[in-house]
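Participant: Starting from the given sequences, assemble the full structure and let the hints guide the process.
Below, each chain spelled out in residue letters.
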Amino acid sequence: MLDKTGIAKRIAKEVKDGYYVNLGIGIPTLVANFVRSDINVEFQSENGVLGMGPFPFEGDEDADIINAGKQTITTLPGASFFDSALSFAMIRGKHVDLTILGAMEVAENGDIANWKIPGKMVKGMGGAMDLVASAENIIVAMMHTNKAGESKLLKRCTLPLTGVGCVKKIVTNLAVLEVVPEGFKLLERAPGVSVETIQKATEGKLLVADDIPEMNL
Amino acid sequence: MILKRVNNAQEALTGVKDGMTFMLGGFGLCGIPENAIAELVRLGIKNITCISNNAGVDDFGLGLLLQKHQIKKMISSYVGENDEFERQMLSGELDVELTPQGTLAEKCKAAQAGFPAIYTPAGYGTEVAEGKETREFNGKMYVLEYAYQAEFAFVKAWKGDEAGNLIFKGTARNFNPCMCGAAKITVAEVEELVPAGQLDPNEIHIPGIFVQRIFQGTHYEKRIEQRTVRPRN
Chain A
1 MLDKTGIAKR IAKEVKDGYY VNLGIGIPTL VANFVRSDIN VEFQSENGVL GMGPFPFEGD
61 EDADIINAGK QTITTLPGAS FFDSALSFAM IRGKHVDLTI LGAMEVAENG DIANWKIPGK
121 MVKGMGGAMD LVASAENIIV AMMHTNKAGE SKLLKRCTLP LTGVGCVKKI VTNLAVLEVV
181 PEGFKLLERA PGVSVETIQK ATEGKLLVAD DIPEMNL
Chain B
1001 MILKRVNNAQ EALTGVKDGM TFMLGGFGLC GIPENAIAEL VRLGIKNITC ISNNAGVDDF
1061 GLGLLLQKHQ IKKMISSYVG ENDEFERQML SGELDVELTP QGTLAEKCKA AQAGFPAIYT
1121 PAGYGTEVAE GKETREFNGK MYVLEYAYQA EFAFVKAWKG DEAGNLIFKG TARNFNPCMC
1181 GAAKITVAEV EELVPAGQLD PNEIHIPGIF VQRIFQGTHY EKRIEQRTVR PRN
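Here the protein sequences come in this chain order: A and B.
Residues 1 to 217 in this note's numbering are what the first sequence spells out, letter by letter.
Residues 1001 to 1233 in this note's numbering are what the second sequence spells out, letter by letter.
Certain hints may be false.
With a straight-line cut-off of 16 Å between C-alpha atoms, the simulated EDC-like cross-links for lysine to aspartate or glutamate are [claimed, not checked]:
#1 B:K1222 <-> B:E1203
#2 B:K1072 <-> B:E1097
#3 A:K123 <-> B:E1127
#4 B:K1222 <-> A:E61
#5 B:K1068 <-> B:D1058
#6 B:K1159 <-> A:D64
#7 B:K1169 <-> A:E61
#8 B:K1073 <-> B:E1097
#9 A:K120 <-> B:E1086
#10 A:K116 <-> B:E1191
#11 B:K1169 <-> A:D64
#12 B:K1140 <-> A:E136
#13 A:K9 <-> A:E214
#14 A:K123 <-> B:E1191
#15 B:K1222 <-> B:E1191
#16 A:K120 <-> B:D1083
Listed next, with one range per pair, are the computed distances between beta-carbon atoms [claimed, not checked]:
#17 A:D3 <-> B:A1196: 51 to 61 Å
#18 A:D17 <-> B:G1044: 55 to 65 Å
#19 B:N1008 <-> A:K4: 43 to 53 Å
#20 B:P1195 <-> A:L76: 43 to 53 Å
#21 B:P1207 <-> A:G59: 35 to 45 Å
#22 B:G1044 <-> A:E136: 48 to 58 Å
#23 B:F1060 <-> A:L76: 24 to 34 Å
Facing chain A, according to a computed beta carbon distance under 7 Å, are these residues of chain B, among others [said to hold, decoys possible]:
#24 Y1078
#25 V1079
#26 K1169
#27 R1230
Treat the hints as calculated values from the structure; they're not laboratory data.
Don't be surprised by glycine CBs; every beta carbon is placed ideally from N, CA and C.
Facilitator: Structure below.
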């Protein structure tokens, strides 16, 4: 079974040379730490920066240079700043190659819920609805089950939706799955995790071929 | 050259009244019009509607207007990080309209560009699209979203000149350019106001035609919400 860092490491392998990538808050943010150093990738943050670098050295932080998580950041050579409309033009216009974001629930039809729990304080969707409505290549990074042990991979989402039919791939602490018309297709198992364990933790329809390889991290 | 310069925030905010709708630039606390917000607090006007991506924190940004119960309605994409906001929202004192971030930017841009509405894929099939017109283009569904209508837009830029031309810095740009010219009156505050002719026309982000009043801001705090750093060695 993977921890959050392990999930980020596995997703980092999906990041290819020449990709522009938008990373959500939480596990997705960690992905940047594990991308191969021999490929060229630019990270976009929807508040208006492309070519994000690491956090600044202490004393170098600039209140005018932050990411969408409102953290102080730096930029790398080739970086650019732009306004919010142009930022979402990159996203909506499918110029960003890969979007990695967290979720509370994903359904076997590709629906995703990640912004609102009825009865709890609603903080808002931020850019999540724009991201999921447009990106062609969305990877969801999340734990396979919630804190109560209930599956987050469902037949149908129970929480208010963020987007419909948009998720293509999911990487959890237990598995890598692809959303296909028939359900969740199991692609890889986390190290030491059996198909049976994944099956038990998946409420939606799980499609299992004869031989499911372990993830190569 | 048409001069847009006014002396201070007090002059720049002449005409703001109870019940008006304002656009305010900024993402979190980055690039917010600190001087305009302070003047709105001083004026004490009430029942205002604010179109702003976020609602500040308890003791800074739009949180200052919330403290004084001046805001009737917030139109935002994300409103965490603010306990007083949460209290007023849950008690029903404050009306909140949550809008996807890219849609919020584009509803401002539509107003700026003279479009009555736009179609966006964001929010289709979710509660955000409930009651709204939808339409299919090339096999994909879109939601009709109307341009905002506001009396004033308050924006913050890095540099500006007396003709109202603006240059922004870093990610403090965010929603500010999208709101220029998107309200009846756009008020720009800048960290550095220079005479016309001193900014290179090639480097202007927003031409002065979109700005009615510009003033030199003072006492910028530029508070950082999440100070994240790495060690030097």
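Participant: Holds or violated: K1073 (chain B) and E1097 (chain B), Cα atoms, limit 16 Å.
Facilitator: Satisfied, since the Cα-Cα distance of roughly 8 Å is no more than 16 Å.
Participant: Does D1083 (chain B) sit within 16 Å of K120 (chain A), going by the straight-line distance between their CA atoms?
Facilitator: holds, 13 Å
Participant: At a threshold of 7 Å, is the proposed contact between K1169 (chain B) and chain A supported by beta-carbon distances?
Facilitator: holds, 5 Å
Participant: For P1207 (chain B) and G59 (chain A), compare the CB-CB distance with the range 35 to 45 Å and indicate the outcome.
Facilitator: holds, 37 Å
Participant: K1140 (chain B) and E136 (chain A) were given as a pair; does the straight-line alpha-carbon distance stay at or below 16 Å?
Facilitator: It holds: about 13 Å lies between the C-alpha atoms, which stays within 16 Å.
Participant: Given the proposed pairing of K1222 (chain B) with E1203 (chain B), does the C-alpha separation stay at or below 16 Å?
Facilitator: violated, 24 Å
Participant: Given the hinted pair K1068 (chain B) and D1058 (chain B), is their Cα-Cα distance within 16 Å?
Facilitator: holds, 11 Å
Participant: Can the restraint linking K116 (chain A) and E1191 (chain B) be considered satisfied, given a maximum Cα separation of 16 Å?
Facilitator: violated, 38 Å
Participant: Per the hint of 43 to 53 Å, is the separation of the Cβ atoms of P1195 (chain B) and L76 (chain A) within bounds?
Facilitator: The hint (43 to 53 Å, Cβ to Cβ) is violated, given that P1195 (chain B) and L76 (chain A) are roughly 36 Å apart.
Participant: Within 16 Å, alpha carbon to alpha carbon, are K1159 (chain B) and D64 (chain A)?
Facilitator: holds, 13 Å
Participant: So the hint says 24 to 34 Å: do the beta-carbon atoms of F1060 (chain B) and L76 (chain A) match that?
Facilitator: Given about 30 Å between the Cβ atoms, the range holds.
Participant: Just to be careful, I want the Cα atoms of K1222 (chain B) and E1191 (chain B) compared with a cutoff of 16 Å; is the pair within it?
Facilitator: Roughly 11 Å separates the two Cα atoms, so the pair holds.
Violated hints for the displayed structure, listed by number in ascending order: 1, 10, 14, 20.
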